[in-house]
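Knowing the structure of chain A, use the given hints to seat chain B on it.
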Amino acid sequence: MELWQEIIVAAFLVIAGVFGFVGSYGLIKLPDPMTRLHGPTKTTTLGVGGVLIASMIYFVFADAKFSFHELMITLFLFLTAPITAHFIAKANLHTSVKRADVSPTGSDRPWAGFESDEDRRIAETKGTIGE
Amino acid sequence: MIARLLPHPLLTLLLVAVWQMLVNYVSLGTLVFGLILGILIPLLTAPYWPDRPRLKNPAMIVEFILVVLWDIVVANVSVAKIILFKRNEDMRPTWVTVPLDLRSPEAITVLAGTITMTPGTVSADVAADGRSLLVHCLDAADPDAVRDDIKQRYERRLREIFE
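These protein sequence lines map, in sequence, to chains A and B. This note's numbering puts the first residue of the first sequence at 16, with every later residue one more than the last. This note's numbering puts the first residue of the second sequence at 39, with every later residue one more than the last.
Looking at chain A on its own, in the form it has when it is part of the complex (with noise of 0.2 Å):
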């Protein structure tokens, strides 16, 4: 590999080094559970996207191929952190979040975390579930 071959792929590392390191830093630095969320979605986006990227510029000028296997961690992340953190949101929300804090629906039914058993079943056999 060329010099300034190498610098490319430093780059993105260090890059992605930084914004995995904020994102650390905002987990402990952010006041509340809801908050702290934001920090690991940075991770998982730009920290690990700038790994990745760097790798398969690796792979390009030192092995001449392309490699596809960098794509396939983007494509499972991008499936399985928006689960993970709709996971612990909701559980947050469960746990210490009033029905009062947070914006209304808009609509007469509430968030579907705050709908007791009882409410749904009553909207149910109201038929405003026609969707």
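These are calculated hints, taken from the structure and not from any lab test. Note that the structure is predicted; figures quoted are calculated from it, not measured. A virtual CB, placed ideally from N, CA and C, is assigned to each residue, including glycine. Hints are not guaranteed to be accurate.
If you want the ones that stay clear, here's a sample from chain B, every Cβ over 10 Å from chain A, calculated [stated by the list, open to error]: (1) Val-70; (2) Asn-95; (3) Pro-96; (4) Trp-133; (5) Asp-163; (6) Ala-165; (7) Asp-167.
Think about it this way: if two alpha-carbon atoms lie no more than 27 Å apart in a straight line, the pair counts; the simulated DSS-like pairs of lysine-lysine are [said to hold, decoys possible]: (8) Lys-105(A) x Lys-94(B); (9) Lys-44(A) x Lys-119(B); (10) Lys-44(A) x Lys-124(B); (11) Lys-189(B) x Lys-119(B); (12) Lys-94(B) x Lys-189(B); (13) Lys-105(A) x Lys-44(A); (14) Lys-44(A) x Lys-113(A).
The following block gives chain B in isolation, referenced to the frame of chain A:
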């Protein structure tokens, strides 16, 4: 006959492509095994599908992905600035309600995932009737602008893809 063997042609195609990428090279053997997986997995999982998502405008997917990737880069930088330089007392975390025009569950799932993957916003819950999303913003001076941004940039394109 073809329809019974391939209940979901797009899924078969996707599985073959994913298998090629996992083994990282293309040969006759990997292609055949990918095809076996691509035929067997849809047949085995067919009873569990709620419905098949219909794609109206697949070409729009490319534009959607590019827009999302660009937004992720831009939002990452702005959220990094907030985390590093803004004091906790000055931050205004807010809940935003995003009313949905989308109706298909697949489209709403993609939208919620996109919102979570762009830094600064996390989707937390969906309304019981499926007509709005609850989004948490790390620092939003203007919650209405966040809502309009999500509707304009993502939901409009998803509507073109799915509905």
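Do the hints match the structure? See the list:
With a least beta-carbon separation of about 18 Å from chain A, Val-70(B) lies farther than 10 Å from that chain, consistent with its non-interface assignment. The non-interface label for Asn-95(B) is consistent with chain A: the shortest C-beta to C-beta separation is roughly 21 Å, beyond 10 Å. Listed as a non-interface residue, Pro-96(B) keeps its Cβ farther than 10 Å from every Cβ of chain A; the least gap is roughly 17 Å. Some Cβ of chain A comes within 10 Å of the Cβ of Trp-133(B); the nearest lies about 4 Å off, and the non-interface call is violated.
With a minimum CB-CB distance of about 4 Å to chain A, Asp-163(B) fails to clear the 10 Å threshold, and the non-interface call is violated. Listed as outside the interface, Ala-165(B) is inconsistent with that label: its C-beta sits roughly 4 Å from the nearest C-beta of chain A, within the 10 Å cut-off. Not every beta carbon of chain A lies more than 10 Å from that of Asp-167(B), the smallest distance being close to 5 Å; the non-interface claim is violated. Under the criterion of a C-alpha separation no larger than 27 Å, the hint pairing Lys-105(A) with Lys-94(B) is inconsistent with the structure, at around 32 Å.
The suggested pairing of Lys-44(A) with Lys-119(B) holds, with an alpha-carbon distance near 13 Å, which does not exceed 27 Å. For the suggested pair Lys-44(A) and Lys-124(B), the alpha carbons sit about 11 Å apart, so the restraint of at most 27 Å is met. Straight-line distance between C-alpha atoms of Lys-189(B) and Lys-119(B) comes to about 25 Å, which keeps the hinted pair within the 27 Å bound. Between Lys-94(B) and Lys-189(B) the CA atoms are separated by roughly 19 Å; this keeps the pair inside 27 Å, and the hint holds.
With a C-alpha separation of about 22 Å, the suggested pairing of Lys-105(A) with Lys-44(A) holds against the 27 Å cut-off. The hinted pair formed by Lys-44(A) and Lys-113(A) meets the criterion: a straight-line CA distance of about 24 Å does not exceed 27 Å.
This entry does not satisfy hints 4, 5, 6, 7, 8, going by the numbered hints stated previously.
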